[in-house]
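What follows is each chain in one-letter form.
Number of protein chains: 2
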Amino acid sequence: MVDCIIVGSGLAGISAALTLKANGKSFLLFGSPNLSEKIEKAELIRNYPGLADVSGKDFVKALQAQLTAAEIGIKNEKVAGVYAMKEKFTVMTQEQNVYESKTVILACGVESVKQLDGEEAFLGRGVSYCATCDGFLYKGKTIAVFCTSKRLEHEIGYLADIAAKVYLIPMYKDVEISRENVEIIRKMPKKIDGVKRVERLVFAAPPTENIPAELPIDGIFMLRECVSPAILVGGLQTENGHVVVDRNMSTNLKGCYAAGDCTGRPYQYTKAAGEGNIAAHAVSEFLK
Amino acid sequence: MVDCIIVGSGLAGISAALTLKANGKSFLLFGSPNLSEKIEKAELIRNYPGLADVSGKDFVKALQAQLTAAEIGIKNEKVAGVYAMKEKFTVMTQEQNVYESKTVILACGVESVKQLDGEEAFLGRGVSYCATCDGFLYKGKTIAVFCTSKRLEHEIGYLADIAAKVYLIPMYKDVEISRENVEIIRKMPKKIDGVKRVERLVFAAPPTENIPAELPIDGIFMLRECVSPAILVGGLQTENGHVVVDRNMSTNLKGCYAAGDCTGRPYQYTKAAGEGNIAAHAVSEFLK
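In the order they appear, the protein sequences are chains A and B.
In terms of our numbering, the first sequence is residues 8 to 295.
In terms of our numbering, the second sequence is residues 8 to 295.
The reader is advised that the hints may include incorrect statements.
As the list claims (entries may be wrong) - Only pairs whose alpha carbons sit at most 27 Å apart, straight line, appear in this in silico BS3-like list of lysine-lysine:
| # | chain 1 | residue 1 | chain 2 | residue 2 |
| --- | --- | --- | --- | --- |
| 1 | A | Lys28 | B | Lys64 |
| 2 | A | Lys32 | B | Lys45 |
| 3 | A | Lys45 | B | Lys28 |
| 4 | A | Lys148 | B | Lys203 |
| 5 | B | Lys45 | A | Lys64 |
| 6 | A | Lys28 | B | Lys45 |
| 7 | A | Lys172 | A | Lys121 |
| 8 | A | Lys68 | B | Lys32 |
| 9 | B | Lys32 | A | Lys45 |
| 10 | A | Lys48 | B | Lys28 |
For the record, the hints were derived by calculation from the structure and aren't laboratory data.
Bound-form chain A, shown alone (with noise of 0.2 Å):
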């Protein structure tokens, strides 16, 4: 068991990684080898002390050279859930292996595309965020595919071996997947439908020739870069979409703080990598 696991590798994940090296803690750093695509896809960063007009690629390969350099390596995985045990936490990952930690630290950034209506109310009835999780449940039916980023592509291939139909609705351009059962859908969708279970989506009016106005999924999957983290965590407390912290980034659950943009705005580096810091100041203490 490790002292702390961090969910994410964008800066405030980065951050509290490298105080926790620093505090000799051991732990894993759970995200992706382009760190952030957020980071990545910055023009020029201007207010970001020490590092003068710096393009999001250059800080991106400075921050990968420093984690290097503190021999800190990224678990290339996708977390799926966190649970608060009594002394530990449990966390799982869509790749199906299962951690365990001391503490957490949250720091999976925030999703700009908002939720769909009645994405919440069919969590678990229709609605999934995991391809690897849940795709079984739909072999030989039809579903949605709400996609935000071309990362996730390798997602859609996998749930589309499995369903027999997929209404895929891309948040990117540049769809690169080509299936026969998977329809490319260029409209936002209204919302998701249904009396027990999901059972249709619906668009707003009015239909156009390709689109019409609902289509009927037996499920649909969310496929997002950041899961909301009240549905990564349960009983994590949120406050419109962002996790509640205190001065010292601790959540309501005992031993699991958060840092960066899913505390709240300015979504800013220096923000995200300053309370990276103190949430892995946090954890030390904790710890003792």
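Given the coordinates of chain A, assemble chain B onto it according to the supplied hints.
Positioned in the frame of chain A, the structure of chain B alone reads:
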């Protein structure tokens, strides 16, 4: 009147300045051309995201270059007092200048040397923090000067020109000042004592050959790099020497924010930078 006055040129103050600049706000940044003695003296900083294993000196150079590129100048004056008026702030410096602003960000750091017993009790009654403000009160008198940094020695010279006798208690090595009326005392005082006003400086027993148990004085100057925020700003809420702030870095005074070490532990560069960023965003919101 500027939008904001930033007190302190450490990481918190610099971060706030860079962000206010990016937000198009007008401001004055009070501090030292060397930015921060704390950063300057750091041997190696291991956990600042983006700058791997940077020395304090290189960090200062990078920050100075970044400020120059952003056309941010540093006002090399020492803030002696911040006064919250009805809809503005008046800031007085030890150089006897007066400035006005709509908001204030306190980023004045934290003094590592503890307060002396009696220091707060006799403030304004023989205890002073500002040589140029109060020096003239001690013409021909006997004073003590408690000084934490060599960078403040010019103030001792100023006082030695006025007072008849100066007992200098330096908290640093290599005292350079050499005056006939300046006597160096290498012993930590126990307390500042008197009835209505300061009358004597008391040392812990037993008295040594050169230093008696107490020294009669008419006043004492506490020369520190960082003045306690509570002393700097009348009415400011503090707790254990730290400014009380919320997650927005707001203090109890409307329009007055604080960031960095002065708000509490961890005393870390990354944390200070993050808080400066948040404070600058809060100022921009407030000005709307």
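message: Need the list of violated hint numbers for this structure, in ascending order.
response: Failing hints, ascending: 4, 5 and 8.
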